[in-house]
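There are 2 protein chains.
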Amino acid sequence: MKILAGIIATLLASGALAATSYNNQLAFQLTESLTTEVGPRIAGSAGDQRAVDWAVKNFKQLGFDKVWTEEFVTPYWQRGMARLDIVQPFPQSLVLTALGGSIGTSEQGINASVVMFADLDALKAATPEQVKGKIVFINKAMTKDRSGSQYGPVVGARANGAIEAAKLGAKALIIRSVGTSQNRFAHTGKMVYDDKVEKIPAVAISVPDAEQLARVLTKAPEAQLKLVMHNQTEDAKSHNVVAEITGSERPNEVVLIGAHLDSWDQGTGALDDGAGVGLVMATATLIKQQGRPKRTVRVVLFGNEEGGLVGARAYAAAHANDASQIVLASESDFGAGRIWQFSTAFGEKSLAFGDEMFKKLQPLNIERGNNKAYGGPDVSVLHTLGVPVVTLEQDGTDYFDYHHTPNDTLDKIDPAALEQNLQAWLIMTSMAANTTTDFRK
Amino acid sequence: MKILAGIIATLLASGALAATSYNNQLAFQLTESLTTEVGPRIAGSAGDQRAVDWAVKNFKQLGFDKVWTEEFVTPYWQRGMARLDIVQPFPQSLVLTALGGSIGTSEQGINASVVMFADLDALKAATPEQVKGKIVFINKAMTKDRSGSQYGPVVGARANGAIEAAKLGAKALIIRSVGTSQNRFAHTGKMVYDDKVEKIPAVAISVPDAEQLARVLTKAPEAQLKLVMHNQTEDAKSHNVVAEITGSERPNEVVLIGAHLDSWDQGTGALDDGAGVGLVMATATLIKQQGRPKRTVRVVLFGNEEGGLVGARAYAAAHANDASQIVLASESDFGAGRIWQFSTAFGEKSLAFGDEMFKKLQPLNIERGNNKAYGGPDVSVLHTLGVPVVTLEQDGTDYFDYHHTPNDTLDKIDPAALEQNLQAWLIMTSMAANTTTDFRK
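Residue numbers (our numbering), protein chains in the order written: chain A, 604 to 1044; chain B, 604 to 1044.
Incorrect hints may have been included.
The list treats identical chains as one, so a pair stands whether inside a single copy or across any two.
Computed cross-link-like contacts, SDA-like style, restricted to lysine to any residue with a CA-CA straight-line distance of at most 20 Å [stated by the list, open to error]: (1) K747 <-> I706; (2) K829 <-> Q892; (3) K822 <-> D1014; (4) K829 <-> G683; (5) K822 <-> R653; (6) K840 <-> Q681; (7) K660 <-> T1000; (8) K829 <-> E640.
Bear in mind the hints are in silico, worked out from the structure with no lab data behind them.
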């Protein structure tokens, strides 16, 4: 990573390097600071507010020209106790987690037998006679891949399983965790209700517990389970945190780089998305340190991504009229694995500049992707407003081992991989902020 | 593993194979049954009693000639809730587990600052001024190795840390888990008190949480923690379960093979010690199936190993007068990794027979160890009565990733490795039960 300064020097017209206060470990240092000093930070919580304060303080200390927050109203979902037992014939507790947004049970809980389905489609094809009065268990496994393409086929059960189960009269939903590890962690994540369908509690159990429950049901199809869970939701305020390095020549043309500041409540949100926060803060800081860019570099730390892009939607709504100033946007929100592919969503005439970017990225072992980039979850909302985006695609092979579990902690980040990320972000952001190319064209 | 029947045929004089009801997957099948149908089974609990019932039922179904239980009285330690929070300046919860045997706190818990030590010796060298009124945190890391030799240097803090901390006036003890995984599980395990020293609560935190707490203390040495925990201990009854294949020629000469039936309360005790239970039950079953041995093969499933060899001591006390009948003893209690070394504790004149055993074991990639075998934790108590022992040493490289955590579940067992274990146990046990060698000589 000693070549980092050289890359920057080559990229920037300034040539001469400023005295460096910050180095290529800055992304890791910021991630360490956020995950240690703030820790868990689910939207609306005290941790979330401390994360906002942390971001404002650190942006100022890093020398950003402008720092501000943009408030929005959000549901604040609070996890309470949760316990799931096989009551008979093989009494034992299962490792579970409430799915984000789930209601709780009554004090006495839910006692019922279980009907198991291979996946959400199998549940949809079931009859009320099969399901009524039972707990639905969807036991769909997820496989690993680099791109995260296996998330989509399983996450539907998490998001919509409670609606489909309730339509058929189920008392509760249990899913096998949307995750790829044999470690005994249950993976939480956002689930939704339909106001026209009864709301039922929804939980995930760990992969080993899903295998155990399946074995139990094979041996004892009438096994009885008991679920007791206390959760609640209230309205709260949260904030997107925004900071800028003002452009020297075209300050009203904005290169927006983002990540999300919130995390789920049980881990410290290192991979999701402390690493992204550290990367985009470090990228803009190092760019300014090497010489002010021509265009403005704006860092947006979105609030409440996990609850359903609440902060991103608020940001897009507030900026619908000035989104045209954003010449390019990108987000880091897929862990801390090495970047292996660079994708764009540019106009045809500016694709050549994408190729120029790729030439600089290629030495980092990055491949050229297509021109259908997504940009990242929060930034994708801006993309729907016509903002061009790029995606620096991270290797997500192990991401779903840790995703949305208590096990998402700082030690899961490889500092060397994070430095490779930072190099790529510096190249991409510097080039975008120092050209006059209109990526919409 | 298709050669298993061939090995048995070669070993046994009978030559002709009986119609096989049971095969080389029997050890795994029994482990699966115990961990699924019983699950957690801490000594004195309802799970423990169900495990005893399970063992009696299965010994009978497997065709053992004699099956009985031997009752003993034991402390029954019951885990209650436990919560450890950094209260300020960086509020967050840490993943913890009560150490086995620990008392709880009052309802309001313990609020105190923390003093960190590198290891138990550093604590012992401290002054009361450093410790009084604080929570002691011992942050000693454990490294991996095949033989488990790194357990000893760290487990002292778990066993005796509360005594040493209390001598200096500490309010509670926190240890870094005695474990080798970066997964966010805290490892429980037996701790002891000294009646002459104040009893203080003792917990372990996961390795990532230990690293987090160390970072917090670096940034904020005066950080305040709060520990609330409810545990209780009462007297209960438990049982060793014993079953025999009666010898055809020398029924009063006993080859004793053992494992422990109890487990810690948070996992299903697959590695510790469901695999051992499955192995020794399967070994004796398959030996009988191939033709009755000359000596008696006795399987002992010891109760409450985890609480401090309570069942083993009861067994040794009850059999002090007939221990001379036991010609050889061995125990499987180090997970389910492949056996890599064969050690003995024989008299000099019978060492040649150990070499004969080794010749049969060598094709399984097993090395010859020394003549200072330990035999296993429960069997070591018999060894102190003069019983010769062997150890079939398992590869424990990953054992302490899972040991005493909720993550000790069936999926952590490699069935192929367990089959290799079974082959070795069959060879060793068959040979010991079909010779007239006196291993004491």
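Checklist entry - Is it within, between, both or neither when you check K829 against G683 at 20 Å Cα-Cα? => result Both, since 16 Å and 19 Å are each at most 20 Å.
Checklist entry - At most 20 Å between C-alpha atoms: does K829 with E640 qualify within a copy, between copies, both, or neither? => result Answer is between: at 17 Å across copies they meet the 20 Å cutoff, but 37 Å inside does not.
Next on the checklist: With identical chains, the pair K660 and T1000 could be close in the same copy or across copies; at 20 Å between alpha carbons, which is it: within, between, both, or neither?
Outcome noted: neither (34 Å within a copy, 45 Å between copies)
Item to check | Within, between, both or neither: K829, Q892 at alpha-carbon 20 Å | outcome: neither (58 Å within a copy, 42 Å between copies)
Checklist entry - From the Cα coordinates, with 20 Å as the cut-off, is the pair K840 and Q681 best called within, between, both, or neither? => result Classified as within; 14 Å inside a copy, 42 Å across copies.
Checklist entry - Is it within, between, both, or neither for K822 and R653, if the alpha carbons may be no more than 20 Å apart? => result Between copies only: 16 Å across chains, 49 Å inside a chain, cut-off 20 Å.
Checklist entry - Are the CA atoms of K747 and I706 at most 20 Å apart within a copy, between copies, both, or neither? => result Close neither inside one copy (30 Å) nor across copies (43 Å); limit 20 Å.
Item to check | K822 and D1014: within-copy, between-copy, both or neither at 20 Å Cα | outcome: between (40 Å within a copy, 18 Å between copies)
Hint violations for this structure: numbers 1, 2 and 7, all remaining hints satisfied.
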